[in-house]
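Those protein sequence lines, which keep their order, are chains A and B.
Residues 1 to 113 in the working numbering are what the first sequence lists, from first letter to last.
Residues 114 to 227 in the working numbering are what the second sequence lists, from first letter to last.
Simulated from the structure, these hints should not be mistaken for lab results.
Hints may be right or wrong, so weigh each one.
Facing chain B, according to a computed beta carbon distance under 10 Å, are these residues of chain A, among others [stated by the list, open to error]:
1) Thr49
2) Thr57
3) Gln60
Think about it this way: if two alpha-carbon atoms lie no more than 20 Å apart in a straight line, the pair counts; the simulated EDC-like pairs of lysine to aspartate or glutamate are [claimed, not checked]:
4) B:Lys184 - B:Asp162
5) B:Lys219 - A:Glu22
6) A:Lys41 - B:Asp162
7) A:Lys41 - B:Glu118
8) B:Lys181 - B:Asp197
9) A:Lys41 - B:Asp140
10) B:Lys155 - A:Glu59
11) B:Lys155 - A:Glu22
12) B:Lys219 - B:Glu128
For every residue, glycine included, the Cβ atom is placed at its ideal position computed from N, Cα and C.
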Amino acid sequence: GAVVSQHPSWVICKSGTSVKIECRSLDFQATTMFWYRQFPKQSLMLMATSNEGSKATYEQGVEKDKFLINHASLTLSTLTVTSAHPEDSSFYICSARGVNTQYFGPGTRLTVL
Amino acid sequence: GENVEQHPSTLSVQEGDSAVIKCTYSDSASNYFPWYKQELGKRPQLIIDIRSNVGEKKDQRIAVTLNKTAKHFSLHITETQPEDSAVYFCAATELRGGADGLTFGKGTHLIIQP
Chain A
1 GAVVSQHPSW VICKSGTSVK IECRSLDFQA TTMFWYRQFP KQSLMLMATS
51 NEGSKATYEQ GVEKDKFLIN HASLTLSTLT VTSAHPEDSS FYICSARGVN
101 TQYFGPGTRL TVL
Chain B
114 GENVEQHPST LSVQEGDSAV IKCTYSDSAS NYFPWYKQEL GKRPQLIIDI
164 RSNVGEKKDQ RIAVTLNKTA KHFSLHITET QPEDSAVYFC AATELRGGAD
214 GLTFGKGTHL IIQP
């Protein structure tokens, strides 16, 4: 199956700083990627759909100015959590759109102190 | 938008017995229903999926059934083994020229008792 990577796998930052998470499709081109967030012992929640060369589409309740998404190439989408706060601490997982399924990255554990 | 309900939240079965997890969805346009297994701190792993043009699909010990009329689909695991212990998520979406953003159920923590 297709391979999707994420970097970093985990990050700890201070409150008020910004953190960038990268999602890469390693062996295929992904015009569409998705960003999910998963709080402990909860389900995955779709945050936004990232489209190469255009603006991301955010789900209701997700602040677009706080979670900046850039999809500048067919193999890379980035999620920047701006002015992070402890309540942003979560597991962030990206996925890349395939023809019949999605391919998930390994996730990034963000801890905001 | 789509809403997916999943039951039960926790399921404990004896090793060797069968486990059944049920989901319902709300959007009649949804036509793709994957099931994922997630171990702690890891990415979801697709274990089986079904499209709306079939009613049942089986892969060794795992099967999924779909009732479009009732908007209901279920995961069946037979001859459960300790390594089946994990959290299982159902999901739904409408495929439109490619897989779109998934709406997940809340998950079922499956515990296999030795």
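Lys41 of chain A and Asp140 of chain B were given as a pair; does the straight-line alpha-carbon distance stay at or below 20 Å? Since the Cα atoms of Lys41 of chain A and Asp140 of chain B sit roughly 26 Å apart, the hinted pair is violated (cutoff 20 Å).
Against chain B, with CB atoms and a cut of 10 Å, does the hint on Gln60 of chain A hold up? 8 Å, holds
Holds or violated: Lys219 of chain B and Glu22 of chain A, Cα atoms, limit 20 Å. With a Cα-Cα distance of about 26 Å, the restraint between Lys219 of chain B and Glu22 of chain A is violated, given a limit of 20 Å.
Decide if the proposed pair is consistent with the structure: Lys41 of chain A and Glu118 of chain B, CA atoms, cutoff 20 Å inclusive. 16 Å, holds
Hinted pair Lys184 of chain B and Asp162 of chain B, Cα distance within 20 Å: 15 Å, holds
Assess, step by step, whether the Cα of Lys181 of chain B is no farther than 20 Å from the Cα of Asp197 of chain B, and give holds or violated. Given pair Lys181 of chain B, Asp197 of chain B is violated - Cα atoms ~27 Å apart, limit 20 Å.
For the hint on Thr49 of chain A, just tell me whether its beta-carbon gets within less than 10 Å of chain B. 5 Å, holds
Does Thr57 of chain A pass the interface check with chain B, least Cβ-Cβ distance below 10 Å? With Cβ-Cβ at 9 Å, under 10 Å, it holds.
For the pair supplied as a hint, Lys155 of chain B and Glu22 of chain A, is the alpha-carbon distance within the 20 Å limit? Between Lys155 of chain B and Glu22 of chain A the Cα gap is close to 17 Å, so the pair holds against 20 Å.
Hinted pair, alpha-carbon criterion (20 Å max): Lys41 of chain A, Asp162 of chain B. Please report holds or violated. 23 Å, violated
Straight-line Cα separation of Lys219 of chain B and Glu128 of chain B no greater than 20 Å? With Cα atoms ~24 Å apart, Lys219 of chain B and Glu128 of chain B exceed 20 Å; violated.
Taking only the CA atoms, is the gap from Lys155 of chain B to Glu59 of chain A under or equal to 20 Å? Answer violated: Lys155 of chain B to Glu59 of chain A is near 24 Å, above 20 Å.
Hint compliance for this structure: hints 5, 6, 8, 9, 10 and 12 are not met, and every other hint is.
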